[in-house]
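Listed below, chain by chain, are the residues.
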Amino acid sequence: MIDSVRKAAKTPDEPMPFAELGMKPDEYARVKEILGRRPTGSELAIYSVMWSEHCSYKSSKVHLKQFATKAPKSEALLVGMGENAGVVDIGDGWAATFKIESHNHPSYVEPHQGAATGVGGIVRDIMSMGARPIAVMDALRFGGADAVDTRRVLPGVVEGIGHYGNCLGLPNIGGEVVFDPCYIGNPLVNALCVGLLRKDQIKLATAPGPGNKVVLFGASTGPDGIGGASVLASATFEDESHAKRPAVQVGDPFMEKLLIECCLELYAADVVVGIQDLGAAGVSCATTELAAKGTGGMHVDLTRVPLRDPSLRPEEILMSESQERMMAVVEPRDIPAFMAICEKWDVPATVIGEVTDTGRLVMTWEGEIIVDIPPGTAADDGPVYERPYHEPAGQAALNTDTPDRLERPSDLRETLLKLLGSPNLASREWVTSQYDRYVRSNTVLAQPADAGMVRIAETMAGAEHAPTTRGIALATDGNGRYAKLDPYAGAQLALAEAYRNVAVTGAQPLAVTNCLNFGSPEDPEVMWQFAEATRGLADACRALGVPVTGGNVSFYNQTGSTAIHPTPVVGVLGVIDDVARRVPTGFTAEGLRVVLLGD
Amino acid sequence: MSAARVGVVTFPGTLDDQDAARAVHLVGAQAVPLWHADHDLKGVDAVFLPGGFSYGDYLRCGAISRFAPIMAELVPAAGAGLPVIGTCNGFQILCEAHLLPGALTRNVSLHYVCRDQRVRIEQTATAWTNAFEQGQEIVLPVKHGEGRYVASGETLAALEAGGHVVVRYAGGNPNGSLNDIAGIRNEAGNVVGLMPHPEHAVEELVGAPGTDGLGFFTSILKNLVDA
Amino acid sequence: MARVIVDVMLKPEILDPQGQAIARALPRLGFSGVAAVRQGKRFELELEGPADDTALAEVRKMAETLLANTVIEDYTVRVEE
Amino acid sequence: MARVIVDVMLKPEILDPQGQAIARALPRLGFSGVAAVRQGKRFELELEGPADDTALAEVRKMAETLLANTVIEDYTVRVEE
Ligand SMILES: Nc1ncnc2c1ncn2[C@@H]1O[C@H](COP(=O)(O)OP(=O)(O)O)[C@@H](O)[C@H]1O
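Chains as they are written, first to last, in my numbering: chain A, 1 to 599; chain B, 1 to 227; chain C, 1 to 81; chain D, 1 to 81.
With the rest of the complex left out, here is chain A:
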């Protein structure tokens, strides 16, 4: 039987498996207070994913605020934090949007698919801003190079990133590979995507205009990544077949490539009012966020969601993390044009609902109302924690243990050979040769340069514009060992390095994205690292005059109770007026003077 709103009202005391879904008792109590009754299974599904650490940033929010409050004034900033990705003005009517995101845990479970879907996810974020994705980068951390598990994880991750990005036709213009034993049970896979759009064509995740249609398009919905939802399904339905659902998502880069071209044609035809990619929390996230930022209401018929597996229950549909899906808000008169474009690109599209002005997100299943909530309560009013933190016990001792204690090597030659042979300094060609850096024919700098650079040679359909000589440069950097010693300074050094790497190409650094990889926020020592790192990064951004435009927090990177080194990875985007004047890495001619700058 369907757990409908009607049923929930009649059975107020029925126990719900909130704890199994990762919800705390007080959080569940808040849901009941908001609704004035117990939630239905579907409502619980929505709140549990939307209020998860991953979606709500409940532990990091209070610290991330500094990125906004301390942000330097920037004329270039068109869209700041809070949207799918930040957007900066890069001149001549062009704007760039970029963001870095983690896919650490899935990449440990299934390296190829985990890393691949990490690329897929960040690319959809960029698409949802109205942009054409034009390049990707990847910052990777693995355990020791000779560790058995690294041999399993590294090739799969590189293959997954390579295959997905190559298949989308996005040049890979840089990244990092770092080995350190602290990542052995928890590798880091951070993927960055940058996109290009005309300044006046930014799209936002919003659903305004009662009567407008809600369209789900792209791949069909399957039981991907809903290990958690099985709790609900089995609790609510006592149905064995739902007990074992895969936690792994599989990517279809071909579908994503079609989605990219399809979306760009939809934008050019001007038939999209609002758009949102389906990420971690799938339909739950897209519907609540679109509705919350729009006129405030939405009516969705979940039975209309096209399914890959017809046995899916509504709770599972709401929590499914199936990849390569997007949700658009479309004016009724534009629906035929919208559908025609989707059909041209072989992209399935279905109207699943309508925007309303009721202030409620209402969902039905086989005629019964199964969700009736104020969407903002799920999307925006999640719990916020001021987690306790304190300096780690051994921090002072760690810092007094300086290199002065080390013995000076007597044999320089041997030291040099040892350095050259160390995995962290070795050639990255085994990795980079598996990535297409040439596709789109706009790559000005890629490996072995310290920053990637692409020229802006796009012509955007539906926009009048003259050619430009401009380009953008990007670098990502981070050093977990520095950050472990001093998270405040470590985060600043990461920014400074990426900033320098962009600047030395001849580009002017403009904006910052970051991926903050840490252990458990419930550990006060980890939380201290996090607080210090964010404070350091925010202060450094102010000092250098570059705002943070977006990013991602990844907590719970640990094996047992042992956290990874705090690893803030920082991406910097810069603009160069004339790509022909870029400065490549390396000595280009004999007889040139070599000058050391700085101290």
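The hints are simulated quantities; they were obtained by calculation from the structure and are not laboratory data.
Treat the hints loosely; a few may be bogus.
Said to hold, decoys possible - Here are the simulated lysine to any residue pairs, SDA-like style, with alpha carbons at most 25 Å apart: (1) C:K41 x D:E58; (2) D:K41 x C:E73; (3) D:K41 x C:E80; (4) C:K41 x D:E81; (5) A:K24 x A:L64; (6) A:K484 x A:E458; (7) D:K61 x C:G33; (8) A:K65 x A:L419; (9) D:K41 x C:G30; (10) D:K11 x C:E81; (11) D:K61 x C:E73; (12) A:K418 x A:D146; (13) C:K11 x A:A280; (14) B:K42 x B:A4; (15) C:K11 x D:Q18; (16) B:K42 x A:E265; (17) D:K11 x B:V108; (18) C:K61 x D:A23; (19) C:K11 x D:R42; (20) A:K344 x B:D40; (21) C:K41 x B:N186; (22) A:K61 x A:A280; (23) A:K344 x C:V34; (24) D:K41 x B:L110; (25) C:K41 x B:G176; (26) A:K484 x A:K24; (27) B:K42 x A:E53; (28) C:K11 x A:S311; (29) D:K11 x B:N186; (30) C:K11 x C:K41; (31) D:K11 x C:R78; (32) D:K41 x B:V108; (33) D:K61 x C:R42; (34) C:K11 x D:V71; (35) C:K61 x D:V77; (36) A:K344 x A:E458; (37) D:K61 x C:A36; (38) B:K42 x C:R28.
Using the hints provided, position chains B, C and D with the ligand relative to the given structure of chain A.
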């Protein structure tokens, strides 16, 4: 005289179509977009099948694309002498469509490889290589996971005997291709397929170092003007 | 000498983009009557000895650890007649 | 509804680097007794109707023209019991 018109085909999943079109423009010809689902070659003077992952390269590279409506037009036109070139996925499609013999299979390394590759032009008597010198060595990027050319013993012997090997890898074989074959032509010389990407080597600023790929595009112009 | 076949298929609940792409293409190629396609891998192993219980147990272990990725794939082992 | 299996293997004379890589890896992983490995593809087709002669002829045509590249691959078609 109006500019020579070179059709550039886009299949679902094609990636290098814009790059090919840009290279066509660079040599002063006109690039005409051709859509896989149309039964229409738009009267072009030559056709470029670009690289990518058409249909995701699912099943086999090029296996699904060769059934596209545009191919129903292209196959007879190529038979009648229309100059056609396929690079990378385009080469794979030409083989799947039996416009060229043999097949392209998984790289021996089992890895995708993207690198600047030295190749030797072995045959200038084609519509697409007449601007080169016989035996000229040039650098073009390769970027593929399934580029190992294979064919039966007789086919190979016939290719070699007939001078149908157009481009050969030099200084290292990136994928294990038989006889270091990087590209071949058909009997008539109007259809050429190769794994390397000339369209990524046409500007100093971007792509591979140098502009060695330009010769393929100037060749077709010369071919069309001379014709 | 015996030949053992290991068939490896994606688990039914896992997305099979290859199979889907083929299934979607079939009607366009003029083939009808196919409701679904799944694509997997087939391994042919030539054993040095007979395909007795010990050998098959060994092959099953190979399938489990190397030939199949049991996070997303199922496998079956059988002797070719 | 019937299920038809199409197995596609590289012709014996065509190099199979995937199979070879597995054969080379086996001893390193502690497996012995395997003389050779070849890797191919397995397609499971769900037919809308029964697997009668007409349907099987149709599947054979699919295999011949689409599922296998007969320049380098052989195929077999069989109905799953
Ligand atoms: N995971 C990766 N993805 C893409 N490019 C990478 C990756 N790792 C390293 N690179 C590229 O390889 C080159 C060498 O990297 P690295 O040895 O880390 O350089 P450096 O030590 O100078 O920062 C750089 O251009 C870098 O961008």
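25 Å Cα cutoff - pair K41 of chain D, L110 of chain B
The hint holds at about 16 Å.
Does the structure keep K11 of chain D and N186 of chain B at a Cα separation of 25 Å or less?
holds (24 Å)
Verify the proposed pairing of K418 of chain A with D146 of chain A, using a straight-line Cα cut of 25 Å.
holds (15 Å)
Are the Cα atoms of K41 of chain C and G176 of chain B separated by 25 Å or less?
holds (23 Å)
Need the status of pair K42 of chain B, E265 of chain A: alpha-carbon distance at most 25 Å?
holds (22 Å)
Can you confirm whether the C-alpha distance between K11 of chain C and K41 of chain C stays at or below 25 Å?
At roughly 12 Å apart (the allowed maximum being 25 Å), K41 of chain C and K11 of chain C satisfy the hint.
Taking 25 Å as the top limit, are the C-alpha atoms of K61 of chain C and V77 of chain D close enough?
Roughly 28 Å separates the two Cα atoms, so the pair is violated.
Restraint check for K61 of chain D with R42 of chain C, where alpha carbons must lie at most 25 Å apart:
Cα-Cα ~21 Å, so holds.
Can you confirm whether the C-alpha distance between K24 of chain A and L64 of chain A stays at or below 25 Å?
Answer holds: K24 of chain A to L64 of chain A is near 23 Å, not above 25 Å.
For the pair we were handed, K344 of chain A and V34 of chain C, check the Cα-Cα distance against 25 Å.
holds (23 Å)
Would the pair K41 of chain D and G30 of chain C pass a check requiring their Cα atoms to be no farther apart than 25 Å?
Holds: K41 of chain D and G30 of chain C sit about 23 Å apart, inside 25 Å.
If you draw a straight line from the CA of K11 of chain C to the CA of A280 of chain A, is it 25 Å or shorter?
holds (22 Å)
Checked against the numbered hints given earlier, this structure breaks hints 6, 8, 11, 21, 26, 27, 34 and 35; the rest are met.
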